[in-house]
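Q: Construct the entire structure; sequences and hints are all you get.
Going line by line, the protein sequences match chains H and E.
Each residue of the first sequence is one higher than the one before, counting from 547 in this note's numbering.
Each residue of the second sequence is one higher than the one before, counting from 833 in this note's numbering.
None of these hints come from the bench; they were simulated from the model.
Just so you know, these numbers come straight off a predicted model, no measurement behind them.
Just so you know, even glycine gets a beta-carbon here, dropped at the ideal spot from N, CA and C.
Please note that a few of the clues may not be correct.
One-sided and incomplete, this derived list gives chain E residues near chain H with beta-carbon spacing under 7 Å [stated by the list, open to error]:
1) H851
2) T928
3) I939
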Amino acid sequence: MNAISGRIAPAPLLSVEGLTKWYGHVLGCRDVAFDLRPGEVLGIVGESGSGKTTLLNCISGKLTPTAGEVRFDTRRFGLTDIYGLSEPDRRRMQREEWGFVHQNPRDGLRMRVSGGANVAEPLMNLGGRHYGDMRQATIDWLDRVELDTRRIDDKPRNFSGGMQQRIQVARNLIHGPRLVFMDEPTGGLDVSVQARLLDLLRELVRDLGLAVIIVTHDMAVARLMADRLMVMKGGEVVETGLTDQVLDDPQHPYTQLLVSSVLQI
Amino acid sequence: MTDKPLIIVEDLAKTFVLHNAESATIPVFQDLTLQVAAGECVVLAGESGVGKSTLMRSIFGNYLPTQGAVKVWHDGAYVDITQASPHEVLEVRRRTLGYVSQFLRVIPRVPTLQLVMEPLLENGVSFEEAKDRASELLSALRLPQAHWDLPPATFSGGEQQRVNIARSFIRKYPVLLLDEPTASLDAENRAIVVRLINEALAEGAAMIGIFHDLDVRDAVASRLFEVSQSKAAA
Chain H
547 MNAISGRIAP APLLSVEGLT KWYGHVLGCR DVAFDLRPGE VLGIVGESGS
597 GKTTLLNCIS GKLTPTAGEV RFDTRRFGLT DIYGLSEPDR RRMQREEWGF
647 VHQNPRDGLR MRVSGGANVA EPLMNLGGRH YGDMRQATID WLDRVELDTR
697 RIDDKPRNFS GGMQQRIQVA RNLIHGPRLV FMDEPTGGLD VSVQARLLDL
747 LRELVRDLGL AVIIVTHDMA VARLMADRLM VMKGGEVVET GLTDQVLDDP
797 QHPYTQLLVS SVLQI
Chain E
833 MTDKPLIIVE DLAKTFVLHN AESATIPVFQ DLTLQVAAGE CVVLAGESGV
883 GKSTLMRSIF GNYLPTQGAV KVWHDGAYVD ITQASPHEVL EVRRRTLGYV
933 SQFLRVIPRV PTLQLVMEPL LENGVSFEEA KDRASELLSA LRLPQAHWDL
983 PPATFSGGEQ QRVNIARSFI RKYPVLLLDE PTASLDAENR AIVVRLINEA
1033 LAEGAAMIGI FHDLDVRDAV ASRLFEVSQS KAAA
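A: What follows is the structure, given as structure tokens:
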């Protein structure tokens, strides 16, 4: 044990600088900057309309920012501004090296094909040709996200919301991404289902050493999942820091309000 | 082991500013200086509200001090917790700096045995070894075996506290912060915890503790530290 030294900080996996998005003259987000290391979980919190999803979409290559850079340590080009890549190169990099878990499984799954095909699809997209291997990998992943592997050929609509979310998680991890984006991954679920899914996500993140950017408005989810937090208000980051420090000793007036507004049960 | 202090608190100040209560300021302490060497257990003294827990949490990086430094000996060098990046603080916590709070705060629905194994798994210990050591420790703390596969949410206060203690003593943290670890334990369990603490001290751990129970305090304290001597002016 103690073999891994923490002294030498690894190079960032992702480096965001001056990221700004205007919708006409409505501000989406302004001047956001941060680094993310391999294996690090960053939580983005803030209320509805604070710019969390805009920021996530800009970072994940879904929405071209008005200004700023999103540099990712790509396997093929090294640390590169993803918006400097050609569209095909960027799409290929996204498919190969990233995952994106949507709040609504219907946004992340293809509802017309089976759960198993949904999980296997990223492998096919990356050139997998051996049917037997891909089916086995799919069964392994269904098992890993605690789904009944006998239901591999059922359509997503025949699964509950929590199970659909597990299919989406498997679909986004099967190809071995290094960075996974999550937009309110437990947002639409019952609290009982939510707790088990969070536990599963946390375990997978630890075992696979994934870097994750997770957007949530739920402070409890943020506390359980994130190593550090970025608090957004009106499109700007108002506070950053270690998760438990931001939640237990918030410095900015808005963060204090946000934390003190959480209902206790 | 080193003969340098494992914890150095330098000119530490903490003032809370409550922006949503007309920016009320609550000064807690200032110019607080404290050093703790290997094998030493410094017990924080002073009445309730004097800032003992605030000091503890500032050392752990859970509270952000207003001024000063908190240096923890980690991997052959000092890391100033007040200045370190979140990544560094987590690394120091994972390997060097343990914290036993009064409350157990864990992910719901995870079985007790797994919670206790977690600090070992995070440090690369094998599943089997982690399981053996967690079982051993939970037995020593006399937590009924029937409880091990259950999540601790429904446990009594004393049982939860023992789970918390097991999580913190399963690894030999070189630096340990103890915030009332025996508050809801009966006499026999208190004696077990006192034994665990003394064993860790004998092996060179440095500790800062808060104990309201005078018997426990006398059994583990190397010296007392009055937090009120650094009281900040209101």
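Q: Have a go at the H851 (chain E) hint: is there a Cβ in chain H nearer than 7 Å to its own Cβ?
A: Check passed: Cβ of H851 (chain E) comes within 3 Å of chain H, closer than 7 Å.
Q: Does T928 (chain E) meet its interface restraint, that is, does its C-beta lie within less than 7 Å of any C-beta in chain H?
A: violated (9 Å)
Q: Would the stated hint for I939 (chain E) survive a check requiring a Cβ distance to chain H of less than 7 Å?
A: holds (5 Å)
This entry does not satisfy hint 2, going by the numbered hints stated previously; all others are met.
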